[in-house]
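Asker: As they're listed, the protein sequences go chains A and B. If you number the first sequence the way this note's numbering does, the last residue is 374 and the count never jumps. If you number the second sequence the way this note's numbering does, the last residue is 250 and the count never jumps.
Think of the hints as simulated: they come from the structure by calculation, not from any bench. One or more of the hints may lead you astray.
What the hints assert, rightly or not - In silico PhoX-like links for lysine-lysine, alpha-carbon gap of 25 Å or less:
(1) B/Lys-132 / A/Lys-371
(2) B/Lys-68 / B/Lys-54
(3) B/Lys-130 / B/Lys-54
(4) B/Lys-103 / A/Lys-266
(5) A/Lys-371 / B/Lys-68
Since the model is a prediction, treat every value here as computed from it, not as a measurement.
What follows is each chain in one-letter form.
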Amino acid sequence: MDFIVQLAIYSAIASIAAVSLNYVVGFTGIMSISHASFYGIGAYGTALLLTKTGLSFVPALLLGVLITGLVAAFASVPILRLREDSLMLVSVGFALIIHSLMLNWQSLTNGPRGVKSIPRPEIFGISLTDKNFYLVLCLVLLVLTIIIFYKITKSPYGTVIKGIRENEEVMKNYGYNVSKYKHSVFVLGAIFAGLAGGLFASYIQYISPESFILLPSVFMLIMVILGGMGSIGGSIIGAILITVIPELMRFAGLPSSFAAESNQIVYGIILFALMYWRPQGLFGKYKI
Amino acid sequence: MSLLQIKNISKSFDGLKALHNLSFNVNDGEIVGVIGPNGAGKSTLFNAIMNHINKDSGDIYFDGINITKKPTHQIAGMGIVRTFQDSQPLPQISVQENLDLAFKYQTDISLVSVFGRHKFLQEEQQVHFTKIKELLHEVGLGSKLNVQAQDLSYGQGKLLEMLKVIASDARLILLDEPFSGLFPEMIKLVTKLIYDLSASGKTILLVEHNMQLIEEICDRVIVMDAGQKIADGDFKTVTKQQNVIDSYLGK
Chain A
87 MDFIVQLAIY
97 SAIASIAAVS
107 LNYVVGFTGI
117 MSISHASFYG
127 IGAYGTALLL
137 TKTGLSFVPA
147 LLLGVLITGL
157 VAAFASVPIL
167 RLREDSLMLV
177 SVGFALIIHS
187 LMLNWQSLTN
197 GPRGVKSIPR
207 PEIFGISLTD
217 KNFYLVLCLV
227 LLVLTIIIFY
237 KITKSPYGTV
247 IKGIRENEEV
257 MKNYGYNVSK
267 YKHSVFVLGA
277 IFAGLAGGLF
287 ASYIQYISPE
297 SFILLPSVFM
307 LIMVILGGMG
317 SIGGSIIGAI
327 LITVIPELMR
337 FAGLPSSFAA
347 ESNQIVYGII
357 LFALMYWRPQ
367 GLFGKYKI
Chain B
0 MSLLQIKNIS
10 KSFDGLKALH
20 NLSFNVNDGE
30 IVGVIGPNGA
40 GKSTLFNAIM
50 NHINKDSGDI
60 YFDGINITKK
70 PTHQIAGMGI
80 VRTFQDSQPL
90 PQISVQENLD
100 LAFKYQTDIS
110 LVSVFGRHKF
120 LQEEQQVHFT
130 KIKELLHEVG
140 LGSKLNVQAQ
150 DLSYGQGKLL
160 EMLKVIASDA
170 RLILLDEPFS
180 GLFPEMIKLV
190 TKLIYDLSAS
200 GKTILLVEHN
210 MQLIEEICDR
220 VIVMDAGQKI
230 ADGDFKTVTK
240 QQNVIDSYLG
250 K
């Protein structure tokens, strides 16, 4: 049971990250591979505030999310000046810079040793050291995330960002300040990635730069592509599948030397299969 | 009064003069045809007006305001809209959404309004929805409301472009070959829509190769060749000019 609750917590956290990435990539067409960086900034921000300043969980998480949003607002200026392939490459560059900062800014991040003994939250006197309580917290925040993004994407604002995904020039031609919309999408997406990161840090109680390298960004992207571009429900299914598959692989009886790497083979095969047979993903309407 | 003033616009691509010292005016309410051989600079002219490209020199005024360096969305916001040679409906969203985006919302569409002024946005969207159904019904696309634009035929896509222009309520409309690839019945329909726009006081700049339609629709014709204006006047006059015959119409 403990194991299932843990998987549910990971899935809920991954779902928050995937829904917010889908907002950026699937709904708006900003092909960013830097989402794990914002997830990492949220994680580090929350973890450092909890361990170094003694702040309690809620203000630490909120400040961690705020820091993520500020970094995203600055990063979006050079990243969003570019489009398509160039944007993708520059977002990779951003992810490398953030990872390097986490690794080398030792006085702040503790370098490769990471941040240890991150306290589990306590909200209104209720200690969330119990995994069940933590799961409830994650699910509440996931539901809040879903409601917010559902409301946005079903509104005229959602229609505008979908239009931007389809053709920026045409949207400018009808009077839309495409740049303004893209910046706001990028920052809001990053804020929710930061929220997921903060939840992850507080749950796992230890973070290191290796958790936020480029590969997690790719995994998040696979969650979105698997579930379906432009589908909130699809993102959640994608996040659950990508979280659960590695755990199921444990029971596949593979040699231990191979088992650790086999997840990536499965993800790779999933990507191949999707691009050939269902480019819109399981529940998506839109093709890349 | 001139609604649009083009003053000495020049634009080169790698030394090739796409527009060269081009100047002309378009009066309020006019339908002006722009004709010329391929590569004459007609579409580049539209790109220059909408500031899709940076101009090397010259100025463009709309309703007396210099719009030369204004960003495209601001130019559009002032009341100019253009269509593209290859019709460009937004493919992976519905016909309804395509049209809804062409309307001008009075409420600012922002994240703040999504949560703070949701009711106003919804009310406006509902008004647009009624108009969208009317527009689609008028051109026989009533059943296509929820169809993705990419599933429309080529001609239906062109019609959708025209409906978006109508929905935009722009004062100046730049139409880039709206009839190309259309069968006769569809041409009649698009012609009627252009007349309707003109009757409602819109000013139209029309790039087209079909001379019969240019003669039928346009009040005035500008002939371009190699980025320059070589003739400007009524259809009968300009088509008799020797330089127009030599460069475009042939014998």
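Asker: Within 25 Å, alpha carbon to alpha carbon, are B/Lys-130 and B/Lys-54?
Answerer: violated (38 Å)
Asker: B/Lys-103 and A/Lys-266: Cα distance at most 25 Å?
Answerer: Since the Cα atoms of B/Lys-103 and A/Lys-266 sit roughly 17 Å apart, the hinted pair holds (cutoff 25 Å).
Asker: What's the verdict on B/Lys-132 and A/Lys-371, does the C-alpha distance respect the 25 Å limit or exceed it?
Answerer: holds (24 Å)
Asker: Between A/Lys-371 and B/Lys-68, is the straight-line Cα distance small enough, at 25 Å or below?
Answerer: Measuring from Cα to Cα gives roughly 38 Å; hence the hint is violated.
Asker: When you check the alpha-carbon spacing of B/Lys-68 and B/Lys-54, does it fall within 25 Å?
Answerer: Distance ~9 Å between B/Lys-68 and B/Lys-54 Cα, so the pair holds.
Of the numbered hints stated above, those contradicted by the structure are hints 3 and 5, listed in ascending order.
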